[in-house]
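**Q** In the order they appear, the protein sequences are chains W and X.
Residue numbering for the first sequence follows numbering that gives the first Met the number 0, starting at 0 and increasing by one per position.
Residue numbering for the second sequence follows numbering that gives the first Met the number 0, starting at 0 and increasing by one per position.
Derived from the structure by calculation, the hints contain no laboratory data.
A portion of the hints provided could be inaccurate.
With a Cα cut of at most 30 Å, we get these calculated DSS-like pairs of lysine-lysine [what the hints assert, rightly or not]:
1) X:32 with X:115
2) X:115 with X:134
3) X:227 with X:32
4) W:1 with X:227
5) X:134 with W:1
6) W:1 with X:32
7) X:181 with X:227
8) X:32 with X:181
9) X:181 with X:115
One-letter residues, chain by chain:
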Amino acid sequence: MKLPPVLRLVVRNFASNLDPLTVVIRFGQPAVTIIVLGTMFSTIISSAVTGGSSYAAFLVPGMVAFQMITGGVVSGNLFWLDRRWSMVEQVFSGPFLRSEYLGGLVLTSLLFSLVGVGIMMVVGLPFTGLPGLTPEGAALVLLTVALGSIFFAGLLITLGTRLRSANAYFSIQSFLQLFVIFLSTVYYPVTSRTPRALALVFYANPLTYAANSIRDAFGGTLGISDLQGLGILALLATAAFLAAAWAFRSMDLGPIQ
Amino acid sequence: MPSAELVLETNDLGYAYRPGQFAIRHLSVGLRKGEVLGLLGRNGAGKTTTVRLLTTLLPPTEGTATVLGHDLRTGGRALRQHLGVVLQSESLDFVSVERNLTLYAFLWGVPREVAKGRAEEMLELFELGHARQRKPWALSGGERRRFQVARELMHDMSILFLDEPTVGLDAIARRRILRYLKDRARSGLSIVFTTHILHEADMLCDRIAVLHLGRAIALDTSEGLKAKYGGAREVLAVFAAPLPAELRAQLAGELVERGATLLAPSEELESAATRVAFRSAEAESLLPWLSQWAHARHLEVDRMSVEAASLESAFLGMIGEADDGSAESSPVPGRVEGALAPGGGGRLT
């Protein structure tokens with residue numbers, strides 16, 4: 000039986016572009032961060048700063064939220080490599096619609112993020128214990144990561160359609176990744192002592208909403224602000240996806256470096 | 000022999016990068032079932048753009064086209080699922096050669112068992128068996144090109160577009176692939192084939208379209224093009240004994256009167272004195288005249304030969320004519336509307 004085109008593309012994305020080393024590094028890096036950074040900072044950061052839990056337990060939901068970037072980066076890079084090695088043209092000359100190719104990338108990103116969520120939760124178990132996730136909380140975690148993953152995938156794919164140099168693409172991607180992570184609440188909370196300007200930047204960052212919501216879901220303290228965060232993420236994900244769809248329509252398929 | 004059934008037909012098809020700047024214009028061409036259509040032209044003539052247009056990678060900006068009954072503009076997937084496309088740029092997935100073949104077949108929805116069998120067939124046909132576990136980027140240039148063609152043949156299709164598929168291939172591999180393509184065409188596959196290697200087009204193509212500055216300036220069989228545009232050909236006459244100087248001078252004069260251009264003999268050849276070589280557009284008709292001329296002077300001719308008309312000379316003749324035309328029609332030659340050879344866009348089916 001023939002799989003639908005989008006699923007065939009997803010299978011191909013995983014089979015062709017995700018070598019074991021890439022997978023280990025993508026999931027290994029945040030896992031090591033939880034273990035090393037979590038352990039070390041737990042010894043020097045007071046639990047009063049992190050809302051009563053250890054720093055490691057504070058970090059785990061942040062790393063779960065971080066998986067939306069991992070997924071986005073994976074599909075952004077997949078797209079870039081497909082473009083660089085002319086597979087975009089080859090796929091577009093075959094029995095696929097451009098929207099299906101884009102859908103395949105986003106679905107790959109989603110699956111990658113969700114697998115990452117599972118791995119981070121398992122790695123974080125010794126620090127967090129079993130999270131007090133209600134069904135609503137679990138749904139919120141999955142939905143948050145899914146929307147965030149669509150947002151970052153859309154953003155990087157849009158970028159990938161406009162740039163013609165690998166150096167430019169990977170430099171911007173690394174810079175964005177660093178910028179987005181460090182200007183979010185993944186590693187530290189926004190407190191009353193946070194400089195106001197910095198706090199404003201933090202709250203302009205979708206990763207902040209994701210990290211805060213997932214933390215609340217883990218702690219069983221979901222509130223209206225989490226739903227608002229989800230709404231903002233949904234809007235951003237829609238905008239990024241539409242931008243990528245528009246960019247696909249007008250994309251120049253010519254050679255790139 | 001191609002059937003009469005048209006599988007592809009374009010009418011005044013064109014593509015402009017910007018308003019008024021056409022990469023291809025007034026392309027009206029038909030492709031029959033089982034036919035191999037060659038696209039020849041200089042670099043930048045519009046061959047690749049034509050392939051990209053006909054495979055929906057570029058949207059036409061003017062004209063119409065139908066491919067297998069589907070409108071080129073709206074046919075989309077329904078049209079593309081019957082096409083095979085080997086693009087000029089190399090494309091690959093980051094897996095082994097063999098896995099690339101089966102993965103590509105999977106993308107096309109070819110059942111796993113069929114794909115496995117076909118991969119073996121392609122690996123053998125394209126002499127890639129020894130490299131099946133290697134990554135495509137570790138292959139030599141020729142192997143990579145063979146891999147591109149092999150991968151495309153993993154799925155079924157009605158029309159195959161090949162954009163310079165034999166670049167970098169050795170003579171044996173090239174002949175093998177061309178022979179295979181010819182066989183596939185005999186069994187009903189229609190092929191559009193671009194190349195710069197003219198004898199390849201001569202060998203494979205049923206008809207050849209010559210593109211120049213974005214327009215089709217000729218479309219005919221290889222023989223037809225040679226006959227129309229082949230131009231002057233070289234004639235060599237070898238006499239049994241060296242020609243006396245006065246007779247050589249007399250012959251030279253009479254040949255020049257008949258429009259021939261004498262070719263200088265190679266001084267280093269001892270036999271140069273027995274040879275007369277000239278170039279003429281009327282080469283065939285000059286042979287009996289030369290024979291009579293020798294006979295009347297009791298000269299024995301060992302042999303006379305006329306070089307076969309080549310597609311290359313025909314191609315050069317066509318491009319030369321078109322360039323003359325475009326120089327007359329516009330002071331600024333280029334891809335801009337109005338600067339192209341007049342009459343180049345005539346209907347060609």
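**Q** Run every hint past the structure and note whether it holds.
**A** These are the hints, each one checked on the structure:
For the given pair, residue 32 of chain X sits about 28 Å from residue 115 of chain X by alpha-carbon distance, which is consistent with the 30 Å threshold. For the proposed pair residue 115 of chain X and residue 134 of chain X, the alpha carbon gap of about 18 Å is at most 30 Å, so the pair holds. Note on residue 227 of chain X and residue 32 of chain X: the hinted pairing holds, with a Cα-Cα distance of about 26 Å set against a maximum of 30 Å. Between residue 1 of chain W and residue 227 of chain X the CA atoms are separated by roughly 51 Å; this puts the pair beyond 30 Å, and the hint is violated.
For the proposed pair residue 134 of chain X and residue 1 of chain W, the alpha carbon gap of about 27 Å is at most 30 Å, so the pair holds. Straight-line distance between C-alpha atoms of residue 1 of chain W and residue 32 of chain X comes to about 28 Å, which keeps the hinted pair within the 30 Å bound. In summary, the hint linking residue 181 of chain X to residue 227 of chain X is supported, as the alpha carbons are separated by about 25 Å, within the 30 Å threshold. Restraint check for residue 32 of chain X and residue 181 of chain X: satisfied, since their Cα atoms lie roughly 13 Å apart, inside the 30 Å limit.
Among the hinted pairs, residue 181 of chain X with residue 115 of chain X is consistent with the structure: their alpha-carbon atoms are about 24 Å apart, no more than 30 Å.
Checked against the numbered hints given earlier, this structure breaks only hint 4.
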